[in-house]
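Visitor: Here is what each chain is made of, one letter per residue.
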Amino acid sequence: MSLFEYAPAPESRSVVDIAPSYGLFIDGAFVPASSSGSVFKTVNPASEEVLAEVASAGVEDVDRAVAAARRAFGPWSALPGAERAKYLFRIARIVQERARELAVLESLDNGKPIKESRDVDVPLVAAHFFYYAGWADKLKYAGFGPDPRPLGVAAQVIPWNFPLLMLAWKIAPALAAGNTVVLKPAETTPLSALFFADICQQAELPPGVVNIITGAGETGRALVEHPDVNKVAFTGSTEVGRQIARSVAGTRKRLTLELGGKAANIVFDDAPIDQAVEGIVNGIFFNQGHVCCAGSRLLVQESAYDTVLAALKRRMATLRVGDPLDKNTDVGAINSAAQLARIRELSEIGAEEGAERWSPPCELPSQGYWFAPTIFTGVTQAHRIAREEIFGPVLSVLTFRTPDEAIEKANNTPYGLSAGIWTEKGSLILAMADKLRAGVVWANTFNKFDPTSPFGGYKESGYGREGGRHGLEAYLA
Amino acid sequence: MPKSPSPAKATRAAAASKAPASTKAAAGAAPAAPAPAAGSAPGASPARAGRLGVRKTYKLFIGGAFPRSESGRTYLVDGDNVALASRKDARDAVVAARKAQPKWAGATAYNRGQVLYRIAEMIEARRDEFIARGVPAAELDAAVDRWVWYAGWSDKIAQVHGSANPVAGPYFNISAPEPTGVVGVVAPASFLGLVSVIAPAIVTGNTVVVLAAAPQAAVTLAEVLATSDVPGGVVNILTGHAAETAPWLASHDDVNALDLTGVTDPTLATDLERAAAGSLKRVLRPPADTPDFTADPGVHPMTALLEIKTVWHPKGF
Amino acid sequence: MSGSAFNLRSFLHGLPGVDKVGVEARAAALGTRSVKTTAKAAAIDLAIRMVDLTTLEGADTPGKVRALSAKALRPDPADPSCPSVAAICVYPAMVPVAAEVLAGSGVHLASVATAFPSGQAPLEVKLADTRDAVAGGADEIDMVISRGAFLSGRYDFVYDEIVAVKQACGSAHLKVILETGELGTYDNVRRASWLAMHAGADFIKTSTGKVPVAATLPVTLVMLEAVRDFRAQTGRQVGVKPAGGIRTTKDAIKYLVLINETVGTDWLDPDRFRFGASSLLNDLLMQRTKLTTGHYAGPDYFTLD
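Protein chains in written order, with the numbering used here: chain Z, -4 to 472; chain H, 324 to 640; chain F, 10 to 314.
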């Protein structure tokens, strides 16, 4: 790019005002954690700068939050749906009005490019609240009976990859259905949830309807195991999902899980090649690959292998890795030191297993957590990097000959969250979609999300759906 | 010491405190609105001592603009001269509605929902004005809530009214609703009634030509629509005598459906339905009894103006 | 590459398809690149040097064309550091007038030809049109393809016409206008691009500017992909010219970003990329001035032509 270097185009940080420390949001107010809690720091993964100190909720705090949600549940669920709807519409509107602030905050705390938080995350957050607001007074039309009732208090634990969006996916349907919630954001990305609490105050949401308690694994466990919780919703790793499923066994708690994946992105030789390459890149490098439904296994038809790989490598060379707040950045920072270590470890394993590793030349900053977009070719199903979720910008490339073989390989995994199909032939798309054991199938596109479109996994990718009419089911009795 | 996040800008705090107080359900008796113009002479801009008010001109709303009737006629309503729509105005309105329809139908459901929600915002903001024009406060609240109800249907009606059909063969088969096109509407006299016939038609992507009964509220609604990001031509409002202009809409070959909810004369209703049969328009007959617009309308007002398209595609390789 | 109907058809129809939603999303995403300060200044100057300053009106007269040619040489009389444009683009009848003004300046003289804009005329007329323009002093010819023949699948006819016109050009460079707004699909744009390049085009151009739909970012993206793949296959580098509807500096910079990230810097050169435009130039000048003075410019400070 010698003739055309884009000058740095940083988004200004001044639009967001981060306090030095935050308490827990319980019963409509920010309160300090009880003495048995402690504090932890949240950092900017692009620079390792400390952003704020955040309270760590202890067992007493979890108890307080659940009690607040329980108290609020009666009045909240008794409100006419039309009134609950108007609260949610207000929240949607405020998110739109504060969009820039929220996008910058999310990029600072998570490491994702401002381009993504501005153009994908925050708009989808507003859209989810807008969509579910409209269901609050139409529950009898949703296909779940003439008078569907809420469950009660929902315990919700969300991951760090799309902090505010995962919050929206959890809170919007829960509230629309008449439940109250206690939500724990991930420990590396607590800030947007705390700002959301401020938005709830701005919307004059009744106290206790939404409670945000920050903390790590112990806080999450205390929350989901709390006896006065009626519903547990978890998005995160399959391993923790398993633990939660065990812990609710024998109780009356309803459970939905959205876990990991190792999606196959299947490219046929009659694919629209240039768009397929965009889809491959988007599938694994969007959000630094920190996506449960990432297209982390490229299954390319052998007859198209050379063309696709050459085009893919050429395209990867134009990816811009760097400062998340720079508007021209395509790939941001890895969310934490721990995640970076895991990605590096699995990549080393990939090389040891005999796969061939390639990255475009990439200048990575010296501070912060960074990993260059990487592909492994010569991968087979027997390799660990074809089976285990890396959750980073690492693509494993495998080949296939026929559609049947593609299906076999795509389904040959304990996961089943998503899949991609690239071909110009409609009947092939529909037949493949029929046979792929995945909750979301993208044809000639990838990583597309919409509040009206149900999302969730088969097999060990979890159960339950978020989004759409089906997304209400998890929150109705 | 933990601290709550402070709003970064003073404007947000100001915005929060400006939130309208009508968050409570409109269950209690709404205070009777002061009606400065009630029963008095022209316009709702009362002359204060020594100051002459500037009267509002009541015109038609066609294609996003406010023209007078091409016939130049007006009629007297509460001392105001209101534009009296002619058949040519109706013709022009249909042209405007047809022109706007593809783009409106092509907007995302999310976008249409947001536009309808904004209409609710604008009506709420103009509460006092509507009350001054004779709309009771409780009815006004119900009308805002009705807009909000319909705003929320935009991106859901396809999920409730469409289906994936399990045909007995290797075919992908989906039924999805589409808007029928341009709808001629004879509106009921009440404001809530007016809202209850316009919203379900446009939320799914139809455009409408509305023959309004109570002009002041209808024209004020038109002013709201003009400031709510509603594209010109999506809603067209004609004030005048429905008996004169409705037959021209009913027989118009470029109108796809006819909503006769506001027709109170059974003979007229029958004649209009007969005229509509000429191009086999979809017709919503007037209700048998006086309808209660505060009740849950159900999905019928929307589905009556939708076409179901079913698509087949083979699956196989 | 022979022009036989069978080979050409199966070749063109064997090219990979273009997914409309995908290509439009990619073009839109590239349009969000932020180009500021030094990069913007360089981009503006480059864009100016890429402009084919155009007048193609029935009402064109020698006076009008002389004025436009003078502007082409010296776009900003108040600032001698402002570069000249790439070329003037006029009808054949106006070529000698422009030639007089541009003589020896290095600014090229492009003429439309071949019964521009519709192309609905016999081949002899089109070739005469071409020769006349070249003889008058044009060193670049912008021809139109026969869209009717293309859309009815007569690829050989279209191919042979381009070959003939290229011959009539002599040493003049040939730009082939595909009239993408009439081709209907991106797949057709891709096919027409490859057909024109195999037939000898030096440049492929989007539009005549005379139909409602002219240059767009996604159409240009498809054409850039085509020239990239053509060079990979044959070694020959063909240029791209979007024309019509490009009015602002912001638009122009989006096109430069498109080039930068699709085909690379080899095409960031007036010999390989042109803007067919008229009002764009003044917007470029206003933006250029703003970067040097620090405040927004007004149209009174720039010549209309």
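Simulated from the structure, these hints should not be mistaken for lab results. Possibly wrong hints are sitting among the right ones.
In the DSS-like style, the derived pairs of lysine-lysine whose C-alpha atoms are separated by at most 25 Å in a straight line are [to be verified]:
no.	chain 1	residue 1	chain 2	residue 2
1	Z	K420	F	K45
2	H	K422	Z	K443
3	Z	K308	Z	K404
4	H	K426	F	K49
5	F	K299	Z	K443
6	F	K73	F	K29
7	H	K638	Z	K420
8	Z	K322	F	K263
9	H	K638	F	K219
10	F	K49	Z	K322
11	F	K219	Z	K322
12	F	K29	Z	K308
13	F	K49	F	K219
14	H	K411	Z	K443
15	F	K259	F	K219
16	F	K263	Z	K308
17	F	K73	Z	K443
18	H	K411	H	K422
19	F	K49	F	K259
20	H	K632	Z	K420
21	H	K638	Z	K404
22	Z	K430	H	K411
23	Z	K404	Z	K430
24	F	K263	F	K45
25	F	K49	H	K422
26	F	K299	H	K632
27	F	K29	F	K299
28	F	K299	Z	K322
Sample of chain Z residues lacking proximity to chain H, with all beta carbon distances greater than 12 Å (derived) [claimed, not checked]:
no.	residue
29	R144
30	S422
31	R464
On the chain Z side, residues computed to face chain H include the following (Cβ under 8 Å) [claimed, not checked]:
no.	residue
32	F(-1)
33	K133
34	Y136
35	E400
36	G421
37	R432
Note that the Cβ used here is the ideal one computed from N, Cα and C, for glycine as well.
Visitor: Keeping to a limit of 25 Å between CA atoms, is the pair of K638 of chain H and K219 of chain F held or broken?
Guide: Violated, at about 43 Å.
Visitor: Should the interface hint for G421 of chain Z be scored as holding, given a Cβ-Cβ cut-off of 8 Å against chain H?
Guide: holds, 6 Å
Visitor: Is K426 of chain H close enough to K49 of chain F, meaning Cα to Cα at most 25 Å?
Guide: Between K426 of chain H and K49 of chain F the Cα gap is close to 35 Å, so the pair fails against 25 Å, i.e. violated.
Visitor: Below or equal to 25 Å on CA atoms is what counts here, so check K299 of chain F against K443 of chain Z.
Guide: This hinted pair is violated, its Cα atoms lying about 40 Å apart.
Visitor: Checking a non-interface call: every C-beta of chain H should be farther than 12 Å from the C-beta of R464 of chain Z. Is that right?
Guide: The assertion about R464 of chain Z is violated, with a minimum of 5 Å to chain H.
Visitor: Against chain H, is R432 of chain Z within 8 Å by beta-carbon distance?
Guide: This interface hint is violated because 16 Å lies over the 8 Å limit.
Visitor: Please verify whether K299 of chain F and K632 of chain H have alpha carbons no more than 25 Å apart.
Guide: Violated: K299 of chain F and K632 of chain H sit about 54 Å apart, past 25 Å.
Visitor: Does the closest beta carbon of chain H sit nearer than 8 Å to the beta carbon of Y136 of chain Z?
Guide: holds, 5 Å
Visitor: Is the hinted pair K638 of chain H and K404 of chain Z satisfied, with a Cα-Cα distance of at most 25 Å?
Guide: holds, 20 Å
Visitor: Verify the proposed pairing of K411 of chain H with K443 of chain Z, using a straight-line Cα cut of 25 Å.
Guide: violated, 47 Å
Visitor: K259 of chain F and K219 of chain F: Cα distance at most 25 Å?
Guide: Given pair K259 of chain F, K219 of chain F holds - Cα atoms ~23 Å apart, limit 25 Å.
Visitor: Given the hinted pair K73 of chain F and K29 of chain F, is their alpha-carbon gap at most 25 Å?
Guide: violated, 41 Å
Violated hints, listed in ascending order, are 1, 2, 4, 5, 6, 9, 11, 13, 14, 17, 22, 25, 26, 27, 30, 31, 32, 35 and 37; each of the other numbered hints is respected by the structure.
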